[in-house]
Structures are given as C-alpha cells and as structure tokens.
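A.B. asks: Note that the protein sequences, when read in sequence, are chains A and B. Going letter by letter, the first sequence gives residues 1 to 719 in my numbering. Going letter by letter, the second sequence gives residues 1 to 713 in my numbering.
Hints listed in this document are in silico derivations from the structure and should not be mistaken for laboratory results. This structure is a prediction, so every number in the text was calculated from the model and none was measured. Take the hints with a grain of salt, since some may be wrong.
[What the hints assert, rightly or not] Okay, the calculated beta carbon distance ranges per label pair:
(1) 407(A) - 111(B): 25 to 35 Å
(2) 659(A) - 643(B): 51 to 61 Å
(3) 385(B) - 463(A): 47 to 57 Å
(4) 534(A) - 168(B): 33 to 43 Å
(5) 95(A) - 147(B): 50 to 60 Å
(6) 585(B) - 525(A): 53 to 63 Å
[As the list claims (entries may be wrong)] Under 7 Å between C-beta atoms, here's a sample of chain A residues computed to sit facing chain B:
(7) 133
(8) 281
(9) 328
(10) 613
We put the beta carbon where it would ideally sit given N, CA and C, even for glycine.
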Amino acid sequence: MSFEEPIRFKDGERIVRVFIGVDTGGTFTDVVLLDDRGRLTFDKALSTPEDPSRGVSAALQNCMEGVERPLSEVLGRVEQFCHGTTVGTNALIQQRGARVGLVTTRGFEDVIIVGRGPMGRNLGIPVSQAMDFIHTERPRPLVPKELIRGVVERVGVDGRIVTPLHEESARAALEELAERGVESLAICLLWSFRNETHERRLGEMARQINSRWIVNLSCEVSPLLGEFERSMTTVVNAFLSPVMSRYTARLQENLAQEGLTRPVQIMKCSGGLTLPEQMKREAAATVNSGPVGGLVAARQLGKILGFDNVITTDMGGTSFDVGVIYRGQFEQEHTPFISQGVPVQIPAVRVVTIGAGGGSIAWSDGRRLHVGPQSAGAQPGPACYGHGGTEPTVTDALVVLGFLDPDYFFGGRKRLNPVAAREAITEKVARPLGLSLMEAAAGIYEIVTAKMSDLIRKVTVESGYDPREFVLFAYGGAGPAHCALFSRPLGVRQIVVPYTASVFSAFGVATSDILYTYAKSEPTPLEEQPGTIEHFERLFQDLEERAWADVSYAGLSRDQVILTRKIDLRYEGQMHEMTLECSREAIDSAGIARLREAFESVYEGKYGQGTSRKESPIEIITFRLEALRPTCAPELKPEALGPEDPSPALKSERRATLRGEREIVCRVYDGERLWPGARVLGPALIERRDTTLFVPETFSARLDGYRNICLSESHPGGP
Amino acid sequence: MQLDPITFEVIKHRLWQINDEQAVTIRTVSASPIVVEGNDFNTGLFTRHGDLVIPGPGSLVHVTTIDTTIKSIISMAKEFEDGDAYLTNDPYLGALHQNDLVVASPLFYEGELVMWVGNVLHHADVGGIDEGSFCINAVNIYQEPPLYFLKVVDNGRLQRDVEYTFMRNSRLPDTVALDLRAQVGALHVVKNRLTELLREKGVETVLEVMERSVDYTEEKLRQRFAEIPDGAWETEVYMDGDKRGCTELHRVFLRLEKRGEELFFDYTGSDAQVEGGVNSTYHACYAGTAVPIYTFICNGEIDWNSGLKRVVHVEAPEGTVMNARYPAAVSICTLGFRWLATVASMRVLAKMLSASEKYRDRVCPSWTVSSNGTNVFATNRRGKRVGALLSDHRGGGAGARSFADGFDNAGMVTSFLSFMANVESQEWKLPILHVFRKQLIDSGGPGAFRGGLSLITAFTAYGTERLIFKNFNTAGTNQSNAAGIDGGYPGSGSQATVIRGSRIREILSSGQKAESYEDFGGTVEHLLSKSDGILGPDDVFVFYSPGGGGYGDPLRRDTRLVQDDVRNGRVSPESARRRYGVVLQDNLEVDAEATKRLRETMIHDRLAGSQSSAAPLPPGSDGGDKAERIGEYLERISLDGRRVLRCRSCHRICSEILIHHAPLSEAGPWLALRWQGDSPDFVLRKSICPGCGILFDVSETRTQRGAGSAGLG
C-alpha cells in the first residue's frame, strides 16, 4: 500500500533519508516507512512469536516490494529506526523471564508473596473476575520464596540507618543465590530511596560474587515510596532485562548485517523511545507499549490536522482500547498494573481496555443478552470464519446484518460463511430469547456499541473532560464498523479513520519522541520551614544530572532536549497524588503558594467545585523529571484534493439492518479507489482492504489530503 | 411497558458506570487509609422508595444497609427538594456503626422524585471515648460518638454549620473534612450524569430497567436455591469479651434452613445484648448474614441488589446481640457481632453447599474470621496529632476450598478491594517502625486442602516516646472461630501481644535476631480481645491475623503438597509430621515408607478404644442411587426403609459416629496464646468414621467450664 506518488530514492541529486517504524503485534508485524519529504508506505507480515526478529525481517521485505528497492539500500538510508515489541509483554504473561533472586530487608521477605493481601490477586483483572471470590487464583510469584533472602539492615522513614548492614551474612545470602542458579538479581530494601547506602553496597558485593549478574537496585530502577510496588518494579525489570537485552542486541546485529547503520530505538509504555543499551534499566518499561504506539500516532496526526483534544479507540479481535489526548498531552498512570497482581512504578500512557472486539461472544441465559467478555479469539474465531467456532460473535452479527461483505473480508483474502453466522446467532441467542434472527443480531451490535460508548464516557469523564470537546480517532480492523454509532451519544466533534489505521501503532512508533523519565520520592510537607526551597532545587538537580548523563550516552545533543520538572502533590493523608508541572521559577516562597493554588484548581476541575479545602495541609510525595527529544520525523505531505463526487468508486448497493428490523440501503464504495477530496453521504459502506466503515444516514464522510476519512453528522442535502 | 433485553442491557451497563464514578471520586479524594486501601465505603443507586438497585464495588456490608438508611431519611425528613442532601451516622437509622456516615440525596427529574443516590464511608474518627471511635471503653451509647441526622446540602449549598459540627467532634478534623467533601462531591457527579441519562433514554425506561434488575436478581437466586437440596444446618460462634478487660464468652447460634427457593436464617438461641459496643442492630445482622451469599452464590454472575431481600429471610430475636435495642452501645458493631454474623453465615452456607453436587466448588468455611483492628494515635515529630487504623488485619487467611488450598492473606470477604497498606506508607503516616511483617507459618488449618495462611506483624515506636493503641479484635484469643469443614481443622487465632521492657533498641542497633519471644526478652502480655494502652520506647506490639480453616482430612493431603509447603515455609517439618502424618528427610524429600507407617498409626489411634464398628452394605442392597450427599465424606442412603449414614470413603454404613475430643493445639501452634495453646473453655470435637477412621468433621466446641451451667454434651 502506498501513495499514488511512490517514495523515490533518487530524488534528483538529493540523498533521501527514511524513518522506519516496526510494531510487532500478536498477529501481525507492521512496518511504516516515511521519507524525509513526508511520503509514506506501509505493509505487514505475520508475527513469529518464537523468534520475533524473523517477522520483523519479513515485514521489512514486504514493504520493500512497495518501494521496489533492495532492503540493504533502504536500511542504509535510515535516519531513525524505531521498534515496538511484545517480547517483554509475552515473557511476563507466559512467565518466561530470567531466574530472579530477590534480596530485601530481613523480616520483610514476604512482601511480594503477600502482595498487600488481595491486591496481588484482584487488581490487573476485570472486575467481574475479581467478584468471583472463590475461583480467581493468585498468580505464581515472579520470584519463588526459596529465591528470596532477607539481609540484616534497616533504614528508617527519615533515612537514618537504624540497623547497619551486616555484610558477612549478606555475602552468605548472595552466595546461596548464586549457587541456586540465579541469573538476575533484584535488590529492594525498605526506605532505600531515602538512603541508598545499603543497596549500593549490596550491589557491589553482588558484582564481586558474580560479575555476570544483572544487578537491579530499587533505588535506581524505581526510587519511589511503597515497598510492594517498588519491589515488583525491580523484580519485573530483573525478570525481563536479560530477555530484552538479548532480543534487542540480536535484532540490532541482524539488521546491521542487512545494512542498518543507526541504533534500533525501542518503544516504551510512556510513549517515548529508548536504546537497547538501556534495557538493563528500562526493560520493564517496554511492557504494554503496543497500544501506546497508537496514541503516539494519534497525537502526531492530531497535530497535523489541528486537533488538540483526541479520544483514541482501537478495536481489534478481542479488545477495545481507549486513550485520551488533552491539549496535546497524554494522560499518565504512575503505577499501572501490567498483569494480574503486578503493579509497576513506571509512568505509562493511560490506555483503558475492555473485552469487546470482533471476536466477543454473545450469549444468553434465557432472559438477558450479554456480549463478552469472553472472546473467540483468532482460533477458532467467529462462527463465520469456518474454523470450527460455534459461538456467535460481533463479527457474525455484522455479517448477518449486512455490514460486512462475506466475499470481501480482508480485501477478499478471506471468505466468510454467512450460514454459520446465522446458525450460531439463531441457536445461541435468538431462539432462547424468542427474538427474530435480525433482532438478535442487531441487539448484539447495539450492546457492544453501547459498551464502547460507556467506556469512552468513563475514561473521559473520570478525568474531568467533556467528550464534546474532542475529536475521536477510530482504528484497528473492527472499529470503523462501529465508530459512528458509538460516538453519536457522546457528541464528539468529528470522527477520523486514519489512512494508516491498520498499521497505526507502527506509524506512532516511527514518529515517536525520545523520552527519558526520572522520579524520586521524597515525602515532604509543602508548606515547610526554611530550607525547603533549596532542598527541592537540590532534588531536581540530582535528577537532571542523571538525565544529562543518559542524554550524552545516547549521543543526543543537549540543545535538542527539553527538560520538564514535575511534582506529585496530595492533601496530607490521601493515597492518590496529582502531578503538576513545576517550572524552575515556581519554587520560591511565592511559588509555593502558587503551587497550592494550582493544585486546588486542578483538583476542583477534576472532582467538582467545593471539594478542595484551603485549611488542609498539602504534602509532596514525588519529584519527577522528563527529558524529551522531540521527534525529527518529517511531517506528512498532503495530496491535492480532487472532485467531491465519489461515484467512480461506487461498487454496488447492499441492504443493512438496524434495530427494529429497519432496513437501509447502503451504497458500497471501494475505499482503495476513493481519492482525497471525495465525499460520501450516508447511508454508505466504505470497504478498505483491512476494514469496513459504516456511514449512517445522517453522516457524511470525506477523504482529506492525507487520505484519512473524516466522518461527521448532519450533512446538508442528502442523497 | 415492554422492555426488550437489549435496551435493558444497554441502560443497566450505563447505570453501573455512572455509579462507579461515585466510587472513583471517593477513592481519589479521600484522605483516609481505611477508605482508600481498606475500601470501607460504598456507593449506590436506589429506587424512589430507597431500594438498592446498583451497588458499587466497595464494602459489601454496606450494600444492604444504605437502603435502610435512605428509608429512614425518607420517613424522618418527610419533605425534601431537589438539591438537598442528608447525612446520618445513627446505627438505629441504618448505619452499621457511628463511623459510617451515610450521605444521600433525592434525584428529581422534571419536578418529580425519581430515585435516590447515596454513599457511605467509614470516617477515621468521629469522637467518643476511644481514639478511632471503636469504643472499647463505652458501656452505653452515650459514651460513644455523637449521632447525627442533618441536612448537609441545602438547595445545592454545602451547609458550613453542619460541616463544622461534624469536624469539631473528630480527633482528625482534616481527614474527616476531606472525606465529607468526597462524599458530597460524589453525589454531585452522579446526579448530573443520571440526569443526562434520564433525558437521553426517558424516565420510564430507566426506572423500568431498575425495577427489572431487582426482579431479575430475585428470579436468578430462586433458580439457584431450587437446585440445592433442602435441609437445615446449624453452627455456633463465640465472642471472647464485649469490652476492654472482659473475658466473658458470648455466643451466637445460627440455624439455616433451606426450603424450596428461599433461605431462612434464625439466630434464636444467641445471647442477650451486652454492655459493650459490639452489639449488632438488626439491619447490620442482616447485612452480615447476606455477605457470603453475594460473594459465593451471586459472585460475578447475579447482580448484587435488594432482590436478595425477597428470598433471604433473617430472624433475630429483639434484645439479643444480633438485634440490640436502643440504647445498647454499637460502635464496634461492624467488627463485633456483625462480623460474627458473617462468620456464622459463611459456615452454614458452606455446609449447605457441600451437600450440593452442583455447587460444592463454592464451599468456603471461613475467610478472615476476625478483624484484628488496631488504631494507633500519637503526636509525631512535627508536633502534630496523627492517628490511623493499621491494615495488617487484612492479611488474614481464607478457608480451604473443595478443590484447592485457601487463599493466603486473602483480605476481607466483604470486599475484594480491601488491601493492606505498605509498611512504608504506615511508617510515613505514623511514628512507628515495623520489626517484621511476614506470613505466619502453620497458621493455615490442616486439611486435605490447607487453609490460607495469615500474617504476623511487629512494630515499635519510632520518633516518639509514646504511642496510644486501641485494639478491637472481633474474637479469637480463646477459640479461633476459623472453622474448617468436612474434616479440615480450624486455622490460627486472631490475637495481639505486647512485649514490655524488651531489648528492642539493642536488637535494632545491633541487628540481632528477632524472631521469637525469647529473642525480644522482656515481659510477654497476650492481650484480651478488646484492649488498649500506651507503648513506650522499649515495648513491641505483635499481632496475628486469623488463618483459614482446612477442607477434608489432613491425612488425605497429597504428600507432595505438604513437601512444597515445608520447602516454602508455609508448614513446619514438625507440623507436617504431627498434623499431616508426613515424614520428611533432612533434604526435605518425603520419606514414603515412614509416612505410610505414620499415617497408618494415626488412623489406628483414631479408631483405638472404639467399640462401635461399621458394617459393609449387605449384599444385594444398594442405596447408592438414592444417596444424598451430606459432605465430602458422608452421605445418607436408604437401607431397609430407613435412612442411614454411609461413609463415602470406605462405603460402610455408620450406625454410630466416633467422637473424640482433643486440645485446640492439635490444630496448630497459634490458637489461644493466652492459654499457652490450650484453652480451658474450648476443645476440638472430632467426628470419625468407625470404619476407616477418616475425619468427617472437626469443630471447636465449648467445654463444661466454658459453657458454665448450660454445658454442652
């Protein structure tokens, strides 16, 4: 797939430079190639989970067919090569990471086993599962009890050493772990972020005992309050860093052999990139970076199209992901759960997921109609796939209702079986509920669409935003069939189905910023005695020193990098903090009063007028620093707009059915043949090779200069 | 009006989401660890009559009590307008105890009252004689926190006089002020969103969905109960002391009868109401009884709402601990007899479910059976008064299941989101230093499946010379109440200990071992279940949350599971031998031969002295097809026109069941510490198959001394 005007590698005398983004997903590995004139091409190949680098090579090869140049030549012209990978995510889910030993303060060896009681079991899973008190098992701990050692030492809340480190027994403990074949070490002591002495000394001793150990100190990986979460972060990093280091090193080597001269940059869940050499410190940050690529792409595209506030929706086979970009900024979660019972203190772009996808199963208990959360997945898949699935899914409903053409699924690469879809819905839903086939199918469609609406509303309203101030991006193969309907009750301003919708994360990866984040907990009352301001300044300067070290290590020049200071504040006693930007000038005595004001104004914006309270003391918990090198990927180049009348791309007409057995006749357009400027009025279906867009009666859809389809309600005139 | 299943599902899902926004607001704004980490709050949407339709995921005991409170508000306030909100913490109007402040507001649409919205939250301190307001020193309600019934929002405006009064009575005014704002703010959020929904979908449709949702829960529960065999089950649980210094035992007796599609709980036979604040009001008793029905029978499949009240009936005679009369003290109700209602209910329900082939996977005899709550108050090094409830009691174990061990450190059965705080978070908030916090070895009740492990924690003062502690333990210093089932033993007891004049300062500065009481030195004082005092610099506070009970005969436990438990420090080698009959070599490999011999000897000892015998079925008579399951090892069959008991393990008829008594310490080393492990008031009563020696049942039973004149046989 590519623009009319293909990327040319001989552009007069000029040497063309390219930017490549590769995103490995569960099913496909996607590649996006962008040249320095802003022209792009993309393709995909099947993922190869046993050795993901093969899928990367295959996808790159496929992409070369579009540009008709050998891979080695293109790789030689690469300015930036960025990669989103599921290697870390998969190793975590399948528990196939390194054999980790954990060293902690004596008396607190069970921190990760106890997991703050039910937190280690009930968070990071859907609520309906947690409500099943008796059947929801606790996940196996990432470090078995026999590889956890307590050492004699203790630091107090004030950073004072209460019990000095007993080196002799600590050495014996480390030697025992070495004997037991530990490959990677996590060291997390109580209050180590207030006093690093003991952790650092243990680190030195560990390296003496086994120089090949990857030693993860919690005061480096995650110097933040809360021993359970800090231990888990350190352990996850220890668990994944050997896997990620090996994988990225091999990939770098393979690609170098094929001609790549630049380093492979790795995508993180914070929406930024890092280097393979950083995997020792940042392996855990690569987990769940996939969906974040989509948000990066949305922000980039939003910038081009002039949209500051964007709701992103990604609907695939099993899940529906929602994210929010407000005033060009991502929303961050400071301690996301990356799998059941596993919290990590790594800032991540917030993406909220529910089990609602094309493969979500519809079922009935004789009285009610439910959709999901179970999914038929890719195997056996929806009944209409003909792979032996007998459960009716959302995709089956779309086939029955006429929204999907069984003969043009995936551009005709896959034929669907409408009879199987009808049978499954009749058998499992229509008959038990006494509904007609069409009513049942329309019900499935409406319920799943309503769930999506509800989730979007929850994600935006919970953060204090009004969806009416947003534009909604719909991507992922299954989304465009639903987006007009799930957006309508939200009142969003416009819906955009991006041209790169099927490889959107890869597009995001290709255009991502380089971002390093640093944080340190230093619980302090905001309104304090003399010395506070100097203290804050010193803390930020420490973080800045670390940032500059990483920046020069990565070969970036200081003037390209923007540093942002932030602090997490809360009313004394609260458990949740609010993060505020905190400019260099903000910290003086007047600045402290301004911080309170800023805190209270953001607070009231979020929780309603009158919820803040002037008399309540405020405390600072964490100081944060971000080092950002904005993307140097070129801006996309728009094409000239053609005529509005879309009739040359008209393929046929098809009946589709909505609730109440209401039949509508949709014009069907070939999405591959539509050109920039073309305008389609509803009711219509626009079929692209990888997705079908439904344009309801009162909507119109227009292709912009970048071939994005922009949908909006209430068009003038009508057909 | 005809409501189709699709519209129903769409609107109900939206109502859920809207109500959840209330919970999110409260959790984020609250400044109280018991709310944010303990999840001791809840939110709900109610009909215009105050019936609960949509509950939040907070504490389950609140689910059934907010509606009682709203009904009280309706009948007391009589007239209310759009934009009003009321608060009350009066347990006799529906709050569980005085800390639980309900804030509720009517929702009007186009001038008509259409529904109620409300939330309830446990405030960290609302006054009364004891810090933290669980008043272990009170002997009547007038020594407990003040009771409020006030209009907190009038025509949309927060009433400053009300806020002031509420704050002024608290020892932690900043904390309760933020929490009150969280509650009011949450109502504000939810009312706006409901109004949008009513406009979009129409009042009639939304109200119809609410009504049908309640009907639907009733219908599904009826179906489920109909599938379970009829029968009656009984149990008794005990509270050891109703107030500070009290050693008296107070009994709860519960009989559950399952008839057709309904459940009938009856507390007749429970003790008369007491002086201390542990009494339960009737609605708190109902709420406590209903909890395990939500968690184990509805779980994620049947909506949690007031439809349950139509099929679950609870009888509790007035004037007893389960239905106290005003002005009985009730400030500890929620951790007092309300808690024991849940413990008793869980037990009889487990017995009921164990009799059902279809639902035996839901059997769970116990789950953190006691709330070993401890409030700590002090002046910190900045000279500020601080205080909070510690969270370690949420580390209790759950009872074993019919297919797997119980959950270790399972939290509360009243909420799946009730977490322990980090040690660092507790030390940041309070001037304390934890010496250790770890899983308690041998705390899970022995069984074919082991009960879940509990937690042991020790802390001392840090940065202060003086800590005030208030320990209000439901029960567990005498007997454990952590029942097992079908031959499983009880788990460890919920207890607290103070070590006075210890060597703790020296231990800390030198890094010496601090694992046993001998290591600490000083005087060990095992506390009564309601205790308070001051901790000085040389004192150490130790507490134990309760373990879970076991499932099935421990001699039937897979030896590899026992070995794995020993390897991972969950069971000691001594317990493996003494309680599971498993002999491990020094390298922790199972000695199969010695194990076989030991288990045979233990069975032999169980049968020793028995005159009774068990007969095999006479040839030709097979009552098997009409066998009626009673539990894992016991069933009832027809023989010569009579119903007789048969062992499901050896298949012999048991004309008589062997009964043995054993000291509590047979269950584990952590029961009745203040009696060195063997309480004079309780023993284990073991029911044994006379044929094969398998344990049908092990329960804690009151002795003659414990029962006084009303002794049990």
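A.B. asks: Could you work out which earlier hints the structure fails to respect and list their numbers in ascending sequence?
C.D. replies: Going through the list in order, the structure violates hints 1, 3, 8, 9 and respects the others.
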